[in-house]
Every structure is written in C-alpha cells, then in structure tokens.
Amino acid sequence: MGSIKWIFGAGAAASVAAFGGVTLIDAPQAPDALPPAPPSMVGRAPVRAPNALEVRLVGASEKGAAIEEGIEAIRFCMPRLGPLSERCMTRAEVLSRADQPSDGVGPGGPKRLARVKMVHPTDFAEPERQVATCTVFANLKSKGWSPLTSADRVDETRFLRYCGLMSVARLAKVARTSIFTPEGLTADELAKVPGGDWPIFGERLGEDAPIVAADPDYPAVWKVDTPTLVMRLWDVAHADFDEDGEGERLVFIAARARGGSAGFAGFNLLDAEGDIIRLRPIKWQQAG
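Residue numbers (this note's numbering): 34 to 321.
Honestly, the hints are just simulated from the structure, not real lab data.
Be aware that one or more of the hints could be misleading.
Straight-line alpha carbon distances no greater than 16 Å define the calculated EDC-like cross-link-like pairs of lysine to aspartate or glutamate that follow [as the list claims (entries may be wrong)]:
1) K256 to D277
2) K256 to E306
3) K176 to E87
4) K316 to E87
5) K176 to D156
6) K206 to D273
7) K225 to E306
8) K225 to D308
9) K206 to D275
10) K316 to E279
11) K206 to E102
12) K150 to E161
13) K176 to E161
14) K206 to E276
15) K206 to E279
16) K150 to D185
17) K176 to E159
18) K206 to E105
19) K206 to E159
Keep in mind it's a predicted model, so treat the numbers as computed, not measured.
With the hints as constraints, model all of the structure from the sequences given.
See the structure below:
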C-alpha cells in the first residue's frame with residue numbers, strides 16, 4: 034500500500050495510507066488515552082496489503098446507472114449531506130441529488146453550499162479555480178488539481194464525501210451472496226480486519242491493532258482507535274460494488290492524528306477474503 038507524506042508540527046513527518054482521502058486541518062487536540070489492544074487482535078500474522086478499488090469521480094451528467102431488480106432495497110446512510118441524510122437514502126435518491134455539494138446544518142436548517150479553490154499540480158501560471166459543482170471538481174481532481182489552502186482541504190473533503198458517494202452509488206449492484214450481517218456492521222466483523230489494513234501516521238510498528246467500540250450517540254458509527262489515529266467509521270451501505278457478486282460494506286472513515294491536528298477522510302470497502310475482512314481503500318482515478 035502506498036503512502037502520502039505530510040509534514041506538520043515541529044518538523045515531524047507523518048505518513049497516511051492512500052485511502053483516497055485528503056488532509057484536514059483542525060484545532061490542536063490534547064493527547065488521548067489508548068487502552069490496551071484486545072486479545073483477538075494481538076499476535077495476528079501480517080498479511081499483504083489489500084487491493085484498492087479505483088473509482089471515477091463523476092458529475093451530474095454521468096451519474097446515471099443501470100436498474101436491476103431489488104436495487105432500491107439498498108440503502109445509503111451518510112451523515113451531513115443535507116436534509117435527505119437525516120434518514121437513509123435509496124440509490125435513486127443519492128443519484129438524483131444536485132450537482133452542487135451542500136452540507137445540511139441540521140433537520141430543517143439552512144443549506145450550506147460548498148466551494149473549494151483548487152490549483153494546477155505543476156503549472157504555477159495557471160490561475161486558481163473556484164469549484165462549486167461535482168462536474169468541475171471531478172474533472173480537475175482527475176487531472177491532479179489540489180486544494181489551495183488548509184481551509185480548502187476541509188472543503189475538498191465535503192466534495193469528496195458528497196460527489197464521491199454519488200460516484201460509488203452508481204456502481205452498486207444487488208449482492209448474490211454475502212458474509213456480512215444484513216442489519217448492519219458488527220464488532221465481530223470489524224475484529225476480522227487485520228491491524229495492518231488500518232491507516233496510520235508515522236512508521237508502521239507491527240500491526241497497529243485498533244480499539245473498536247460502537248458510538249452510543251450515533252447509530253451505524255464506530256470509534257476505531259489505533260496508537261497513532263483517532264477514527265470514526267460510518268457504516269454507509271451494503272451492496273456489490275466491484276462486480277464480483279459478493280456483498281461489500283461501503284464505509285466512510287474520518288481520522289485525526291492522536292494528540293495532533295492533521296487528519297484525513299475517505300471512502301473504503303470492507304471486503305471478505307477467506308476468514309478475514311479486508312479494508313480496501315477507494316482511490317479516485319486519474320485522467321490519462
């Protein structure tokens with residue numbers, strides 16, 4: 034699995050596994066206490082890195098998808114995507130969303146339209162672009178354009194969450210078989226994810242076994258902590274996303290460095306592989 038290097042703090046280096054995410058900057062955090070790793074995750078043999086699923090970001094003009102029997106039974110539960118996200122959405126509802134990303138402030142609250150300033154990866158004479166739609170964002174992102182400032186990195190995450198959900202939802206098909214619990218993700222299923230599959234900051238030491246616990250305040254949200262990261266994992270949907278006939282769980286992970294201020298967010302798949310469950314990063318395809 035590749036890594037992206039970020040420099041922050043007093044010249045310290047940190048690496049984030051390439052989970053299709055983006056660096057976030059927020060207020061400095063106090064160090065967090067980390068309980069011992071559960072026995073089920075200690076001493077597990079290292080396994081090879083999971084293969085990423087490459088997905089093409091799309092805008093409103095391309096987000097249509099084939100209809101098959103049973104497809105509307107698939108539900109997408111994604112937080113902070115506006116009024117509809119106060120409940121779970123069908124695939125048709127996800128794909129019918131406007132091309133302009135927005136974040137809902139709360140039930141019945143005003144809609145916040147997202148904007149992000151992006152710059153060309155190599156041509157410094159190219160003017161910056163202010164992006165307001167998934168169509169433009171997908172085009173620039175595929176060409177390597179990136180956020181201009183730290184604040185724009187946060188706004189880019191809103192685009193990746195909103196536009197990315199539409200892009201992944203169009204791939205969803207009805208699974209023929211699945212090892213996952215129909216009612217939702219369980220602690221036993223998360224315990225089957227090898228510690229080495231989870232992203233890290235710094236150098237990987239051993240398997241970085243996570244501490245997993247359900248969030249008592251939010252259904253379908255899990256607290257997943259490693260020695261280097263404090264993470265929240267949203268159980269978004271269950272479907273066949275890679276056309277192998279088997280069900281995977283689409284999850285969204287938001288994380289920050291333990292005791293630090295940098296972080297990332299992105300979509301991943303939980304995918305069964307023998308007697309373990311792999312955490313497969315979703316990477317956005319690059320043009321050409």
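Hints versus structure:
no., hint, result
1, K256 to D277, "29 Å, violated"
2, K256 to E306, "23 Å, violated"
3, K176 to E87, "15 Å, holds"
4, K316 to E87, "5 Å, holds"
5, K176 to D156, "12 Å, holds"
6, K206 to D273, "5 Å, holds"
7, K225 to E306, "10 Å, holds"
8, K225 to D308, "8 Å, holds"
9, K206 to D275, "9 Å, holds"
10, K316 to E279, "20 Å, violated"
11, K206 to E102, "9 Å, holds"
12, K150 to E161, "7 Å, holds"
13, K176 to E161, "14 Å, holds"
14, K206 to E276, "7 Å, holds"
15, K206 to E279, "10 Å, holds"
16, K150 to D185, "6 Å, holds"
17, K176 to E159, "13 Å, holds"
18, K206 to E105, "10 Å, holds"
19, K206 to E159, "40 Å, violated"
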